[in-house]
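Engineer: So you can see what is in the structure, the chains are spelled out below.
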Amino acid sequence: MEHERVKPSRRKFLKTAATVAGTAIGIKLLASSRYLLFAAEPKDETLPWYGIVFDIEKCIGCGKCAKSCKIENDVPREPFYFRTWVEQYTVKNDGSVDIISPNGGIDGFEQRVPDGEIFKSYFVPKMCNHCSKSPCIQVCPVGATFDSPEGIVLIDEKYCIGCRYCVQACPYGCRFIHPEKKVASKCTLCYHRLKKNLDPVCIEVCPTGARMYGNLRDPNSKLVKFLKEHTTQVLRPHLNTGSKLYYNALRMEVK
Amino acid sequence: MNFFIPPQLKRLALAFAIFISAFLIVRHFLVPETFGQYGFYRGASLEEIGQTPMKYAGQKACLDCHQDIDDLKQQDVHSEISCETCHGPGQKHSENGDTTLLELHVSRESCGICHSKNAAKQKNAIFQVDLLEHNTQKNCIECHNPHQPWNMKE
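First to last, the protein sequences are chains A and B. Numbers in my numbering are just positions in the first sequence, counted from 1, shifted up by 96. Numbers in my numbering are just positions in the second sequence, counted from 1, shifted up by 38.
None of these hints come from the bench; they were simulated from the model. Predicted model only: the values in this text are computed from it and were never measured. Some hints could be false.
[Claimed, not checked] DSS-like cross-link-like pairs, simulated, lysine-lysine; straight-line CA separation at most 25 Å: (1) 130/B with 292/A; (2) 124/A with 188/A; (3) 93/B with 291/A; (4) 93/B with 216/A; (5) 229/A with 291/A; (6) 93/B with 188/A; (7) 291/A with 321/A; (8) 292/A with 161/B; (9) 291/A with 130/B; (10) 130/B with 278/A.
[Stated by the list, open to error] Residues from chain B that keep clear of chain A, each with C-beta distances beyond 12 Å, as calculated: (11) 49; (12) 70; (13) 87; (14) 110; (15) 118; (16) 120; (17) 127; (18) 148; (19) 155; (20) 166; (21) 172.
The C-beta atom is built at its ideal place from N, Cα and C for all residues, glycine as well.
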């Protein structure tokens with residue numbers, strides 16, 4: 097009896113061991129080509145991993161960022177195409193909120209709420225959050241939008257079929273269809289300038305330093321230091337987009 | 039061991055083989071060469087996006103020729119502001135300084151875009167002026183030098 101009991105258990109053990117080993121080898125083989133299976137690709141640790149900080153307390157709503165971005169990146173001049181723009185929030189004493197963004201803030205702002213009624217007012221600059229788990233990449237059916245090795249969400253204009261899925265998927269409203277090229281368009285964090293060791297143009301022209309960017313992997317970078325010292329928050333954290341655009345002094349009215 | 043394979047299965051296997059190989063051939067020609075180089079996208083597009091022409095030259099390019107202005111600027115409150123914030127895009131000017139000049143923005147409105155009074159500007163973020171009250175008959179640059187705003191002219 098004993099002799100018979102040992103035999104099937106050994107066979108069972110060998111079978112299990114073979115299955116486990118086979119699975120492990122299979123996964124190992126698949127992992128080398130996993131960029132063909134998953135949207136997220138292996139990250140190169142030697143490259144910077146960019147993050148951005150907007151300091152609401154410093155923004156004065158001059159709109160230089162929106163204006164320079166339109167010039168630098170040939171964004172259509174119509175007032176509904178923006179890669180970055182500024183919004184003015186005014187919380188009134190009765191609790192209602194007045195939100196305006198005339199021409200994205202390019203021509204400056206005028207306070208339309210009388211001083212006596214204002215409880216709190218501030219500017220919120222906005223642009224692509226360069227999410228690390230971005231919904232727009234996940235919905236792209238052809239692989240035309242992607243996460244660069246530096247963590248910048250980019251669009252391959254030659255490959256984009258203009259299906260508009262990503263425009264709908266972005267919870268921050270940061271994408272639009274270019275009226276002439278008929279492809280999706282958005283902030284590139286001035287990838288062409290970063291490649292030449294220049295700052296993104298909105299950060300270059302910001303007169304008060306309300307906009308900052310830097311390498312999140314470098315513990316000594318200005319950006320990481322700022323994040324350590326301030327209470328920052330991303331937009332819509334409940335959506336788990338892995339946003340890398342952090343706001344200092346973000347208030348609950350901001351959507 | 040002698041298996042009997044029904045003839046319809048043989049034909050089906052042949053059809054599958056033709057279909058799969060045709061798919062692989064078509065796929066080979068449709069998928070761009072650099073697709074999958076770094077991830078699920080065309081690797082060459084990174085370089086293409088990187089070659090977008092610039093319009094703004096960046097502060098360093100300005101300092102190559104205009105170090106004297108920057109020396110003035112460093113002595114006053116506008117020291118941290120990039121040249122192109124007020125002067126506009128300067129890439130063409132930096133490549134060919136004699137023929138392409140930058141526009142000058144010297145109106146009350148162009149100063150006011152930052153300095154006009156607005157409750158949304160935080161008090162310590164910027165010095166604010168009520169453009170409807172402060173010396174309404176004069177242009178800002180008649181008293182203030184934009185590079186040294188507190189070095190008042192006569």
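Engineer: Each hint: holds or not?
Structural biologist: Against the structure, the hints come out as follows:
Between residue 130/B and residue 292/A the CA atoms are separated by roughly 16 Å; this keeps the pair inside 25 Å, and the hint holds. Restraint check for residue 124/A and residue 188/A: the C-alpha separation of about 59 Å exceeds 25 Å, so the hint is violated. Restraint check for residue 93/B and residue 291/A: satisfied, since their Cα atoms lie roughly 15 Å apart, inside the 25 Å limit. Distance check on the hinted pair: residue 93/B and residue 216/A sit about 37 Å apart at the alpha-carbon level, beyond 25 Å; violated.
Between residue 229/A and residue 291/A, the direct Cα distance comes to roughly 23 Å. Compliance with the 25 Å bound is thereby established for this hinted pair. Among the hinted pairs, residue 93/B with residue 188/A is inconsistent with the structure: their alpha-carbon atoms are about 40 Å apart, more than 25 Å. Restraint check for residue 291/A and residue 321/A: satisfied, since their Cα atoms lie roughly 24 Å apart, inside the 25 Å limit. Straight-line distance between C-alpha atoms of residue 292/A and residue 161/B comes to about 36 Å, which puts the hinted pair past the 25 Å bound.
Pair hint residue 291/A plus residue 130/B holds up; C-alpha atoms about 19 Å apart against a cutoff of 25 Å. Restraint check: the Cα-Cα separation between residue 130/B and residue 278/A comes to about 28 Å, which exceeds 25 Å; the hinted pair is violated. The non-interface label for residue 49/B is consistent with chain A: the shortest C-beta to C-beta separation is roughly 32 Å, beyond 12 Å. For residue 70/B, the non-interface assignment is contradicted: its Cβ lies about 8 Å from the closest Cβ of chain A, within the 12 Å cut-off.
Not every CB of chain A is more than 12 Å from the CB of residue 87/B (nearest about 5 Å), against its label as outside the interface. Residue placement check: residue 110/B keeps its beta carbon more than 12 Å from all beta carbons of chain A (closest about 17 Å). Annotated as non-interface, residue 118/B brings its C-beta within 12 Å of a C-beta of chain A; the closest such distance is 6 Å. Against the 12 Å criterion, residue 120/B falls within the reach of chain A, whose nearest CB is about 5 Å from its own CB.
Taking the minimum C-beta to C-beta distance to chain A, about 5 Å, the non-interface status of residue 127/B is violated against the 12 Å cut. At roughly 10 Å, the least C-beta separation between residue 148/B and chain A is not larger than 12 Å, which violates its mark as non-interface. For residue 155/B, the requirement that its beta carbon stay farther than 12 Å from each beta carbon of chain A is not met, with the minimum near 8 Å. A Cβ of chain A approaches the Cβ of residue 166/B within 12 Å, the least distance being about 9 Å, so the stated non-interface status is violated.
Non-interface call for residue 172/B relative to chain A: holds, since the shortest CB-CB distance, roughly 16 Å, exceeds 12 Å.
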